[in-house]
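J.: So the protein sequences, as listed, match chains D and L. Start counting the first sequence at 1; every next residue gets the next number (the numbering used here). Start counting the second sequence at 1001; every next residue gets the next number (the numbering used here).
Everything labelled a hint here was simulated from the structure, so no lab data went into it. Treat the hints with care, as some may be off.
Said to hold, decoys possible - Label-pair restraints from in silico Cβ distances:
#, chain 1, residue 1, chain 2, residue 2, range
1, L, ARG1073, D, GLN80, 34 to 44 Å
2, L, THR1005, D, LEU70, 19 to 29 Å
3, D, GLY59, L, PRO1095, 20 to 30 Å
4, L, THR1080, D, ILE110, 40 to 50 Å
5, L, PRO1095, D, ASP2, 32 to 42 Å
6, L, LEU1011, D, THR103, 17 to 27 Å
7, D, GLU15, L, GLY1084, 17 to 27 Å
8, D, GLY59, L, THR1113, 16 to 26 Å
9, D, VAL12, L, GLN1041, 18 to 28 Å
10, L, GLU1082, D, THR28, 41 to 51 Å
Everything numeric in this text was worked out from a predicted model, so none of it was measured. Where is the CB? At the ideal position from N, CA and C, for every residue including glycine.
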Amino acid sequence: EDKVVQSPLSLVVHEGDTVTLNCSYEVTNFRSLLWYKQEKKAPTFLFMLTSSGIEKKSGRLSSILDKKELFSILNITATQTGDSAVYLCAGSHITGNQFYFGTGTSLTVIP
Amino acid sequence: KAGVTQTPRYLIKTRGQQVTLSCSPISGHRSVSWYQQTPGQGLQFLFEYFSETQRNKGNFPGRFSGRQFSNSRSEMNVSTLELGDSALYLCASSPTGQKVPGELFFGEGSRLTVL
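I would like the entire structure built from these sequences, with the hints used as guidance.
T.: In structure tokens form, the structure reads like this:
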């Protein structure tokens, strides 16, 4: 059964802290892994990872994929209150756009 | 460029009724997917349409159905509603082609409450 598991389920940090969110996956004929940020609305796209070992960065956020160990991490440095959200990761098959989502990590950043 | 538009945004139905939700993808996107989001299960894949053809289908009962029109707009229908169908239904469009991976762009969702 294809599945994606995220950890931790939730965490609370102070502004300025660095956090690492984990995502492990078991997806048959895996093609890509996506990270999303969801506040009280639609998920917004962060990263798409298809190759192992290549870090993607966007400002204070970065992510990397390990296709041998079947996991990805999302790092957020110098956290801000605006980073408070649920972070979702999803893995896809090689065909089509069927994504398997994890249940998310709820991040709360305290001022 | 307009984003993914879903209608209606909120609706309340009673058990046994049926509902139709609509989704207009981003212009030029031919892939439209539907997801059900609930607090306990997270986002679960319903189905994906590409060029009016259902390309993938998740593990949902036959009460859940969908279609895509020639302009890429999509509808999903849930018949004989059950209390457990209460959820946020998210539509996502993607610029992906047949073999190129593409990210999903989500609409704001349709929140369905079944009483």
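J.: So does GLU1082/L sit 41 to 51 Å from THR28/D, Cβ to Cβ?
T.: 30 Å, violated
J.: Given a hint of 18 to 28 Å, does the C-beta separation of VAL12/D and GLN1041/L actually sit inside it?
T.: For GLN1041/L against VAL12/D, whose Cβ atoms are near 24 Å apart, the range 18 to 28 Å holds.
J.: Given a hint of 16 to 26 Å, does the C-beta separation of GLY59/D and THR1113/L actually sit inside it?
T.: 37 Å, violated
J.: Falls inside 32 to 42 Å, the C-beta gap from PRO1095/L to ASP2/D?
T.: 24 Å, violated
J.: Has the hinted range 40 to 50 Å been met by the Cβ atoms of THR1080/L and ILE110/D?
T.: 46 Å, holds
J.: Does 19 to 29 Å hold as the CB distance between THR1005/L and LEU70/D, or does it fail?
T.: Hint violated: Cβ distance 36 Å, outside 19 to 29 Å.
J.: Are GLU15/D and GLY1084/L spaced within 17 to 27 Å by their CB atoms?
T.: Taking Cβ atoms as reference, GLU15/D and GLY1084/L lie about 39 Å apart, which means the hint is violated.
J.: Kindly confirm whether 17 to 27 Å is satisfied by the beta carbon distance between LEU1011/L and THR103/D.
T.: Given range 17 to 27 Å: holds, Cβ gap about 25 Å.
J.: May I ask you to test the hint 20 to 30 Å on the CB atoms belonging to GLY59/D and PRO1095/L?
T.: 23 Å, holds
J.: Note whether the CB distance of ARG1073/L and GLN80/D lies within 34 to 44 Å or breaks it.
T.: 38 Å, holds
Consistency with the previously given hints fails for numbers 2, 5, 7, 8 and 10, ordered from lowest to highest.
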